[in-house]
Amino acid sequence: MAIIGFWRDLSIMRRLRLTGLAIGLSVVSVLGFVLVVCTVVAGLLSFTVIGAFLFLGLAAAQRPFTDLHLRSAERVLGRSIPRTPRTPTSGGPLRRLGQAVSDTGTWRDIAFLIFNTVSGLTILLVPPLLFLHGLTALLLPLLWNTLGVGQHGFPYMTWFWINSGNVLQASLVLAAVSFLLWWILTPALLRLNAAITWALLGSSSASASGYASQPQVGVR
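Under the numbering used here, read the sequence shown as residues 1 to 220, first letter to last.
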């Protein structure tokens with residue numbers, strides 16, 4: 001079993017799945033930021049009836065976004081992450097609005113979605129960009145005649161000069177470096193993002209309601 005687990009940890013398919021997860025979480029991060037902006041605008045208009053209802057609805061919609069990040073962190077880390085549930089709102093619109101505003105979970109979700117737009121995207125975009133760069137480097141000889149770089153080639157990263165004579169060798173070197181970095185960094189970066197998500201959203205209480213106590217199956 002240990003050998004199988006070790007082999008799975010080294011597999012390319014696992015890294016491809018993690019890269020796909022990184023792309024999906026990046027999209028969710030952008031959508032979450034849009035949701036936060038709309039929530040803040042609705043909060044500024046909460047002195048009106050329409051604004052108050054919009055704020056309540058948008059504030060409630062944040063939890064599925066943050067829960068998605070937390071569930072993804074569970075898959076990457078291979079364990080359950082308890083979370084403090086939000087306080088249920090009840091009563092009339094003004095009472096519900098006051099409960100939502102006073103609930104620290106509301107502001108915790110808002111803060112996470114804002115922070116994750118910067119930190120999360122910075123971490124999550126590295127694996128797909130490295131993989132895309134490797135594919136582009138492999139296709140460089142095929143694209144050479146369409147690049148319009150002239151007869152003298154062009155400097156790559158200011159130190160690596162590529163011309164028609166060494167384009168094949170250069171493409172293989174660049175692709176190898178990119179794929180090697182992608183293979184090494186992808187699991188570490190996804191675990192780093194999962195650890196940050198756990199630190200920001202996870203609860204210190206192992207008995208937080210709504211979450212399983214058994215470890216989850218990690219991404220393999």
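Note that these hints are calculated values from the structure, not bench results. It cannot be assumed that every hint is accurate.
[What the hints assert, rightly or not] Here are the computed distance ranges between Cβ atoms for each label pair:
id: 1; residue 1: PRO141; residue 2: VAL41; range: 49 to 55 angstroms
id: 2; residue 1: ARG17; residue 2: VAL41; range: 33 to 39 angstroms
id: 3; residue 1: ARG17; residue 2: GLN169; range: 28 to 34 angstroms
id: 4; residue 1: GLY78; residue 2: ALA111; range: 25 to 31 angstroms
id: 5; residue 1: SER203; residue 2: TRP144; range: 52 to 58 angstroms
Beta carbons are placed, not taken as given, at the ideal position from N, Cα and C, and that holds for glycine.
Which numbered conditions among the earlier hints are violated in the structure presented, ordered from lowest to highest? Violated hints: none at all, because every hint is consistent with the structure.
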